[in-house]
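Q: Sequence:
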Amino acid sequence: EDLSSSRKQTILKKFMTALTRGGPGGTPKPIEIHAHDPLRYVGDMLAWIHQSLASEKELLITLLAAAEADSPPPQSKKMDADKVLSGIFEGVAGTAQARIQSVLQGQSSSVIIFKVGNLLPFYLHTIGSMLPESSPLTLSLQGCHKMAGRLFMESLAHSSQKLYKHPPPCPPTLAPHPEVLKVLDELLEVMSSFDGSLIPARMREGYFKPVVEEGIGPIISGCALAANSIAPAEGSIYLVNCLLAVQGLLQRFDFCAWRLPHLQTQMAQAMEQAVKEQVVAVMRNCNLDEKMYSLRAYKANPNATDKLASQAGMDPLSLNVALKQFYGAVLTSAVDFKYVDRITNHAARHQAKVQAAKGVTQSYKELYEAIMDKEAGYRDPQTLLLHTPAQVESLLVDTM
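Residues in the sequence shown are numbered consecutively from 307, following our numbering.
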């Protein structure tokens with residue numbers, strides 16, 4: 307007990323000197339000189355404690371061995387040695403805990419909080435291997451680790467919920483808003499830090515799952531709200547671009563793979579809507595949207611007795627004007643895919659344009675088959691329809 311009390315005061319004094327004054331002549335520099343850098347500050351403190359603990363344990367073993375040279379110590383003596391070592395570092399435990407918790411509580415950055423928290427398990431493992439589980443130092447570090455986890459989740463929730471409750475507006479480019487990208491960049495730093503941790507691979511997914519759920523869900527919901535506040539054609543593209551940014555982040559880490567299937571379902575739905583809006587826009591630009599509306603209204607009326615050719619806007623002259631404009635755009639590669647062209651990812655953009663081209667072709671095919679129908683009332687439909695649907699699709703796709 308006397309040994310423990312004496313060494314406890316000595317180690318605490320050395321620790322305070324290392325924190326505030328540094329080594330002889332200022333080398334090494336005081337640990338607190340790096341207080342502005344939380345990760346280095348905490349890391350230097352824990353490194354000093356680990357090194358001192360190893361040295362003190364070696365000294366303690368030497369003293370006990372000298373005192374009991376004539377007879378091997380029983381197991382109870384070994385336990386007493388661990389208890390003495392634990393008591394020696396009790397003062398250091400409280401001082402270190404107060405400083406680490408002060409660092410955590412003074413941080414506004416969720417990334418820094420996570421990185422500090424992610425540093426603690428390494429020292430819990432190395433320091434804990436030399437001390438009893440119930441030692442004050444071990445319990446102090448465990449308390450700091452729990453606090454870091456709690457503060458990080460609170461900070462993450464604040465950032466992600468802010469995007470959900472107050473979604474930033476869609477930029478004119480329809481690329482993800484800088485605030486969305488900022489939060490995703492912070493998550494990237496967090497994930498990269500976690501990827502280098504000592505947590506076994508088999509446990510990583512479950513350990514990190516709450517972070518993904520808390521961070522990703524509100525971001526996507528906020529982007530969806532922002533997308534719904536503008537025209538559907540542009541909103542669907544904005545949502546696709548935001549989902550692509552999230553997908554790019556999650557694909558980098560195996561422990562996030564569980565979230566990808568659901569994200570891909572969301573992506574497919576958003577992409578389907580974007581392509582649908584693009585098809586409507588192309589048909590509108592070529593003045594075929596009204597023709598498609600009239601055709602579908604006619605087909606939906608089971609009591610219609612007049613021929614299709616007699617319907618308003620479906621007469622040969624009106625169709626000839628609209629179809630010539632459509633063929634002109636197709637033949638000169640002037641079909642404007644202005645919405646899907648603003649998808650930020652090249653592969654996704656190309657896929658969307660191909661799907662839009664097929665959607666335009668499908669609409670044209672519906673019109674083509676209706677006009678060619680003998681019951682439609684057109685005398686010479688071949689003079690109106692200069693290209694088959696297959697030719698139109700080939701012309702549209704080959705220009706991409």
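Errors might be hidden in some of the hints.
[Unchecked claim] Pairs of lysine to any residue residues, derived as SDA-like cross-links and limited to a Cα-Cα distance of at most 20 Å, are as follows: (1) Lys314 / Leu369; (2) Lys630 / Gln575; (3) Lys605 / Lys630; (4) Lys664 / Pro622; (5) Lys389 / Val417; (6) Lys452 / Phe500; (7) Lys488 / Met509; (8) Lys644 / Ser527; (9) Lys452 / Met509; (10) Lys468 / Phe500; (11) Lys363 / Met436; (12) Lys515 / Pro478; (13) Lys471 / Leu490; (14) Lys314 / Leu370; (15) Lys452 / Lys488; (16) Lys452 / Thr432; (17) Lys582 / Leu566; (18) Lys671 / Gln697.
[What the hints assert, rightly or not] What follows is a set of in silico ranges between Cβ atoms, one per label pair, in the way DEER data are often shown: (19) Gly412 / Thr368: 21 to 27 Å; (20) Asp501 / Gly329: 32 to 38 Å; (21) Pro478 / Gln357: 45 to 51 Å.
Rather than coming from a laboratory, the hints here were simulated on the basis of the structure. Virtual Cβ for every residue (Gly too), placed ideally from N, Cα, C.
Q: If a hint holds in the structure, say so; if it does not, say that too.
A: Against the structure, the hints come out as follows:
no. : hint                        : result
1   : Lys314 / Leu369             : holds (16 Å)
2   : Lys630 / Gln575             : violated (33 Å)
3   : Lys605 / Lys630             : violated (24 Å)
4   : Lys664 / Pro622             : violated (25 Å)
5   : Lys389 / Val417             : violated (37 Å)
6   : Lys452 / Phe500             : holds (16 Å)
7   : Lys488 / Met509             : violated (28 Å)
8   : Lys644 / Ser527             : violated (25 Å)
9   : Lys452 / Met509             : holds (18 Å)
10  : Lys468 / Phe500             : violated (24 Å)
11  : Lys363 / Met436             : holds (8 Å)
12  : Lys515 / Pro478             : violated (34 Å)
13  : Lys471 / Leu490             : holds (17 Å)
14  : Lys314 / Leu370             : holds (17 Å)
15  : Lys452 / Lys488             : violated (26 Å)
16  : Lys452 / Thr432             : holds (18 Å)
17  : Lys582 / Leu566             : violated (24 Å)
18  : Lys671 / Gln697             : holds (11 Å)
19  : Gly412 / Thr368: 21 to 27 Å : violated (41 Å)
20  : Asp501 / Gly329: 32 to 38 Å : holds (35 Å)
21  : Pro478 / Gln357: 45 to 51 Å : violated (56 Å)
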